[in-house]
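Dock chain Z against the given chain X, drawing on the hints supplied.
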Amino acid sequence: MASEDIVVGLEIGTSKVCAVVGETRRDGTVKILGVGQAPSRGVRKGEIVDFDTAGKCVREALADAEEKSDVMIRSVFLAVTGGHTESFNNRGSVNIPEDREEICEDDFEDVQAAAREVSIPPANMFLHSILQHYYVDGQDGVLNPVGMMGRKLEADFHIVHGVGTRIKNSVRCVKELDIEVEDVVFAPLAAAQVVLDLNQKNLGALVIDIGGGTTGYVVYVDGAIKQSGCLAVGGDHVTNDISLGLRIPMARAERLKVEEGSVILGQSVPGEVLVLKDETGFAGREIEREMLNTIIHCRIREAFELLKRQTDEANYLPFLGAGVLLTGGCSMLQGIDQLAEEVFGLPVHLTHAHTVSGVTSAFENPQFSTAIGLIKYAQAMQGDKPRGWFSRIRRKLPFFGVW
Amino acid sequence: MIELPRNQLPPQADLRIKILGLGGAGANALDRIQLDGANSDELVAINTDTQALTGSVAPHKVQLGAGLTRGLGAGGDPELGYRAAEESADEIRAAIGHANVVFMCVGLGGGTGSGAAPLVASCARDQEALVVVFATMPFSFEGKRRMSQAEESLATLQQSADVVICFENDRMAESVSPRAPIQEAFSVSDQTISQSVRAISSLLRRRGLLHVGFDEIVTALRQQNPRCLFGYGEAEGDHSAHQALERALKSPLMDRGRMLADVQNVLIQVAGGPQLTLNEVQILMEEFNRHISDTTRVLFGAAIDPQLGNRLAVTILSSLDADGAVHSPVVRGAVSHPAPARHIPAERPAVEEPLRVPDSMDFPPQDLLEEALPAETFSDAELPVPQPERPIVSRPVGAPVRPAPRPTAAEVVAAKRETRQEQMQFEPVTRGRFEKSEPTIVDGQDLDVPTFLRRNVRPK
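Respectively, the protein sequence lines represent chains X and Z. The first sequence begins at 431 in my numbering and counts up by one. The second sequence begins at 1126 in my numbering and counts up by one.
One chain only, chain X, in its complex shape:
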């Protein structure tokens, strides 16, 4: 197996660091060879706050992945996220020079550069500019304008940017371990690659990736990314709320959330109590189930409402034919799909990476969606196996045809 077909996706998450080793095949499929993970420390709300500790966790996760997949890891695709990331749509346009009428590949780069000529805050750097649609001489719906005649090429791009230093911090954290970072990818975009198939992208879908520290979302309409973003609220917040509300330690609150928590109100018998098992010599505490659920409900509902408002502002909700797809570790909360349905008024599905094969236990877990998505992303990026003109374009303009 040629080594360039082996790709590693690394996500330094708030609750865990996870590295997925995958094999990208010529027929466009992906096979997962192994998943390494380590509990994460030194990461808050998707951003590294303790460099050394986070570095150790990354090393642990990579070592675990090497062992399980029997692959030596030299380079990774890294997912980044955090409340600092922002996105917007912009149109770039270039005029085709007088001396030729045909649109050629070089024009793509020009049009992409033109789309990036917008002011973002000086501290920010571009993460992605993803193609949405082409227009040739103002004509809509052109899928591939190479070779077409035209005077003016325009393209809509979805542009994601974030604070440069914070993105570089994540990169440095990996580079210090002598591992190359091939590319950084905005985490929700990666997750969307594996939870959505082409059909769902065309129908329109909202992918919500609720992780430990952040909630990322991506809106697909007509096969193109229209909106993406990140809300720095996640499962950690739920745990924190429980810990503060019930006055129990964080670790206990986390277990309570995972084992007993639900977002559905009014389902427990009034007065039903949970007795915390005595583990540390601390007398068993009684906790009312309804209160636990209320705390979780409030937090998750608020997060959904904030997301709904953002997608509502751009008025994409009516175009989401495939509905809402929930993934990420926090999507395992009981009843979360019902709550999402209630808030968004759309069909909601709990999903995980389903467009890959290999280690089943890995891709059936919504926690790994982002890391597996990185492999899918990498596959799209590679394009090192010439397959006619189409992949040549892909090499020039990596995002083409994938997004």
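You may find that some hints are simply not true.
[Claimed, not checked] With a Cα cut of at most 27 Å, we get these calculated DSS-like pairs of lysine-lysine:
(1) X:K498 to X:K486
(2) X:K486 to Z:K1561
(3) Z:K1561 to X:K598
(4) X:K446 to Z:K1561
[What the hints assert, rightly or not] The following residues of chain X were derived to be distant from chain Z, with all beta-carbon distances above 10 Å:
(5) T459
(6) R489
(7) E496
(8) D540
(9) H563
(10) Q569
(11) G653
(12) A662
(13) D671
(14) S673
(15) V699
(16) E702
(17) L736
(18) E772
(19) L780
[Claimed, not checked] Ranges between beta-carbon positions, derived for each pair:
(20) Z:T1420 to X:S549: 19 to 27 Å
(21) Z:E1560 to X:S549: 29 to 37 Å
(22) X:K486 to Z:R1558: 14 to 22 Å
(23) X:V705 to Z:R1580: 24 to 32 Å
(24) Z:D1295 to X:S791: 55 to 63 Å
Treat the hints as calculated values from the structure; they're not laboratory data. Virtual Cβ for every residue (Gly too), placed ideally from N, Cα, C.
Same frame as chain X, now just chain Z:
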């Protein structure tokens, strides 16, 4: 603290208001007030510049220093503005006439505004009127010189006026979208001033179920170096209580209610038509209480104003210390001394506490006029006519300040107690493990604080 309703309502009919617009910015504000439908008899434009005066819509116009500036402006020189006002002091007094409440709109930083404002304010006080000054501070890009002129003038004004509400142009411009045309940015301050003039005059005019008097306004705004928080909102329909409060909090000087958490005194008046229900007031106040801390004293007023019809209006008024640090309320003008701050400890001796507390219990019916008149006679004797040779910029020593409204001492005591209570707070708003991380603020809410705490969902 909610004041007991006072049934013996004083007649409000003889509230005679004059609205003075001083200088260029004042004239603009006056135009706006006129447009917003004020009684035009009340408006008086005062300026050194005849050309600007002619352009004003106010029916009464007073030209300052006709001999001195010969109809030109004061040229950005406060000294000249001051001398011009001095020359025309009689005309100013005549224009104020028998008004007992004078609102003065002035843009500080220039010549006429900064120079003449303190003098006009003390002229009005000579006429036994209560003086409320709406001052705008210049944009910081106008230069440090103008800013320091404005600050000096503001300091003097605070001594010579009863209430100074200070608007910072910089902050008001923040609320304007960066793409908005420049006129819009400038008109925001005029709009805000007009709105607050209207709001305060209706505060005083409205028949209160729970009356808000001048003394409450003074309490709410009392701060050494005030940065004013002012919000006004009106709404009608099913959710009028919620919407009116939301609009009030969205006012440019309100910071969406974020600053409210730090204030010590806040005045809120809810006014509605005859159909105003207790339920609406309750909903509104419950929501409002979430924005303030437990130790904030709420001066609450409710009023019926038939003019409002089925609309509901909320006025919020408070002040913060501009330096950010919230000082304990200084009893402004309680005793005449040059540096009030240094005397604060003496101001509230512990021995006095038990004696003064009962005062607040049988809080007398407040008629602001009755309150003001005896006070006025007392302070008149001390009120020096500003000396011509004294440079305007200096703070008047032995400042002529009237005795504070009666409840002040008791209020200070109360405020002090509340501070003590703060330390015993059982459930401080906390962010738990996110305590030290960068807060995630969306719409003024810190998302790291548990949602159920922010939304006041408290299951047992």
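Status of the hints after comparison with the structure:
Restraint check for K498 of chain X and K486 of chain X: satisfied, since their Cα atoms lie roughly 18 Å apart, inside the 27 Å limit. Under the criterion of a C-alpha separation no larger than 27 Å, the hint pairing K486 of chain X with K1561 of chain Z is consistent with the structure, at around 22 Å. Between K1561 of chain Z and K598 of chain X the alpha-carbon distance is near 22 Å, which keeps this suggested pair within the 27 Å criterion. For the given pair, K446 of chain X sits about 20 Å from K1561 of chain Z by alpha-carbon distance, which is consistent with the 27 Å threshold.
At roughly 39 Å, the least C-beta separation between T459 of chain X and chain Z is larger than 10 Å, which holds for a residue marked as non-interface. Its beta-carbon lying about 24 Å from the closest one in chain Z, R489 of chain X satisfies the requirement of being farther than 10 Å from that chain. No Cβ of chain Z approaches the Cβ of E496 of chain X within 10 Å, the least distance being about 32 Å, so the stated non-interface status holds. Every beta carbon of chain Z lies more than 10 Å from that of D540 of chain X, the smallest distance being close to 28 Å; the non-interface claim holds.
Here H563 of chain X stays apart from chain Z, with its beta-carbon at least about 26 Å from theirs, past the 10 Å limit. Here Q569 of chain X stays apart from chain Z, with its beta-carbon at least about 31 Å from theirs, past the 10 Å limit. Non-interface call for G653 of chain X relative to chain Z: holds, since the shortest CB-CB distance, roughly 30 Å, exceeds 10 Å. The Cβ of A662 of chain X sits about 4 Å from the closest Cβ of chain Z, inside the 10 Å cut-off, so the non-interface label is violated.
Under the 10 Å C-beta cut-off, the non-interface status given to D671 of chain X relative to chain Z is violated; the minimum distance is some 4 Å. Distance to chain Z contradicts S673 of chain X as a non-interface residue, since its nearest Cβ pair spans about 6 Å, not more than 10 Å. Distance check on V699 of chain X: its Cβ is at least 15 Å (rounded) from any Cβ of chain Z, clearing the 10 Å threshold; non-interface status holds. Every Cβ of chain Z is farther than 10 Å from the Cβ of E702 of chain X; the closest lies at roughly 13 Å, confirming the non-interface assignment.
Distance check for L736 of chain X against chain Z: the nearest CB is about 6 Å away, which does not clear 10 Å, and the non-interface claim fails. No beta-carbon of chain Z comes within 10 Å of the beta-carbon of E772 of chain X; the shortest separation is about 16 Å. Every beta carbon of chain Z lies more than 10 Å from that of L780 of chain X, the smallest distance being close to 22 Å; the non-interface claim holds. Evaluation of the 19 to 27 Å hint for T1420 of chain Z and S549 of chain X yields a failure: the beta carbon distance comes to about 44 Å.
Between E1560 of chain Z and S549 of chain X the C-beta distance comes to about 34 Å, which sits within the given range of 29 to 37 Å. The given range of 14 to 22 Å is respected by K486 of chain X and R1558 of chain Z, whose C-beta atoms sit roughly 20 Å from each other. For the pair V705 of chain X and R1580 of chain Z, the beta carbons lie near 28 Å from each other, so the given range of 24 to 32 Å is met. Between D1295 of chain Z and S791 of chain X, the C-beta spacing of about 59 Å keeps the proposed range 55 to 63 Å intact.
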